[in-house]
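Chains A and B, in that order, give the protein sequences.
Sequential numbering from 9 applies to the first sequence in the numbering used here.
Sequential numbering from 423 applies to the second sequence in the numbering used here.
Check each hint, because a few of them may be wrong.
As the list claims (entries may be wrong) - Simulated coverage check for chain B against chain A, where a stretch passes if three residues somewhere in it have a Cβ under 8 angstroms from a Cβ of chain A:
| hint | segment |
| --- | --- |
| 1 | 474 to 487 |
| 2 | 500 to 513 |
| 3 | 570 to 579 |
Bear in mind the hints are in silico, worked out from the structure with no lab data behind them.
Only a predicted model underlies this, so the values are computations on that prediction, with no experimental measurement involved.
Even glycine gets a Cβ: it sits at the ideal position worked out from N, Cα and C.
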Amino acid sequence: MTAITSATTPRVGPGFRLQWEPAQDCHVLLYPEGMVKLNGSAGEIMKRCDGGRDIAAIVAELETAFDTQGLEGDVIAFVEMAGKQRWLTWT
Amino acid sequence: MDLKTRPGPPLWLLAELTYRCPLHCVFCYNPVDFAKQEDEISTADWIKVLREGRAMGAVQLGLSGGEPLVRDDLEEIVAEARRLGFYSNLLTSGIGLTEQRAKALKEAGLDHVQLSFQDSTREMNDFLSHTKTFALKNRVAKIIKDQGWPMVMNVVIHRLNIDHIDRIIAMAHEMGAEYLEIANTQYYSWAFLNRDQLLPTHEQLRRAEQVTDEWRARLGESMRIFFVAPDYHEGKAKKCVNGWGSMFLTVAPDGTALPCHTARMLPGLTFPNVRDMPLKDIWFDSEGFNHYRGTGWMKEPCSSCELKEVDLGGCRCQAYLLAKDADAADPVCIKSPQHHLVEDAVSAAEKPRTVEHPLLFRDPVNSRRLTRV
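With the hints as constraints, model all of the structure from the sequences given.
Structure follows, in structure tokens:
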């Protein structure tokens, strides 16, 4: 996977599935025989990683939704980490 | 049960769809008397189990057996699981997984196939010598890849195949496995009957771990290798099924709900059938599921042990099998008064073999013979 830029469009990696779990009150990431419980901000980022939005769009949406600024660094750091874990992928 | 020990939902639902199986593995954990348990619940019963489990918050579904592919309603069960939002895992030997069947399962929404190398002797030998079973597995591995499923392979290891671990890992790599689970045999049911033949030596284990580490260093992230250590050699009890009735719920082929797939062997406990009781009542209120929850049931040395919340006394089935007392500390623990039984088994494995009884293959004839009353 290439280095992340604002034009990168991450999507959930093959074999993984992201979904909201009411019983656990959080987003979870499911994979072969396992599950990661995501905290609030990780869930908000991941659910926007649909292969259609690029990093710039994800950041803009989050900044609007949470009425804040300067999230790009945090988003890129999370996407980078998630890429290493194969949770997210991009070309 | 007090509030402190009230469990969360059964996040993991294991559906043992059938005990029927084309293989006869000597390390199988299915009950020794499986041949007497021919009753299988219907498709409608399984769908009811899935709905009730999902409503409670179950999220991972294991489809296992026996060989789950022998059930011709597997596609229907998978489709319902997908519709409900389960992540579905098919645990299979690959026998019966044709291209058509794989396509149908993919369309039904199956998320993952774990391909196992099961048979310890003929199949492993074929596998190691590149003959017909290797060809079959290779074909199945390709079918799995073609459907876009992650390639997850599982090999159960023991004294008779552990020395081939280098070849095993090399072949998993050749087949394009992304994950390889190297699972040491756990000694229950058929594996317990065959323990003397299957228990490896310390030296065999040490070498196997060393070879595994070398492969990890060579392959990096391209194939992740999990090495599941055997508890007999570690002197440490494991938190069995992550705690009795805390996360895992198994439904046996006949509909009996169990906290783990071997729990039915424990004397004096009764486990309800999913046909008779809603899953929620079984999970929260049945005597069988509550019996070993938490730490209140413990006796010494567990009840005063500083690790009692960490390992929860280990495995109840192992305590019953080895100490003949399901309430005892798991004898793999060095603090168990019966720990010498485990030490004796491990040191017997170090000695050269003279007299051995033959391996007992898991088949219906042996099952009936061993459990004749």
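(request) Go through the numbered hints given earlier and state which of them the structure violates, listing their numbers in rising order. (result) Per hint list: zero violations.
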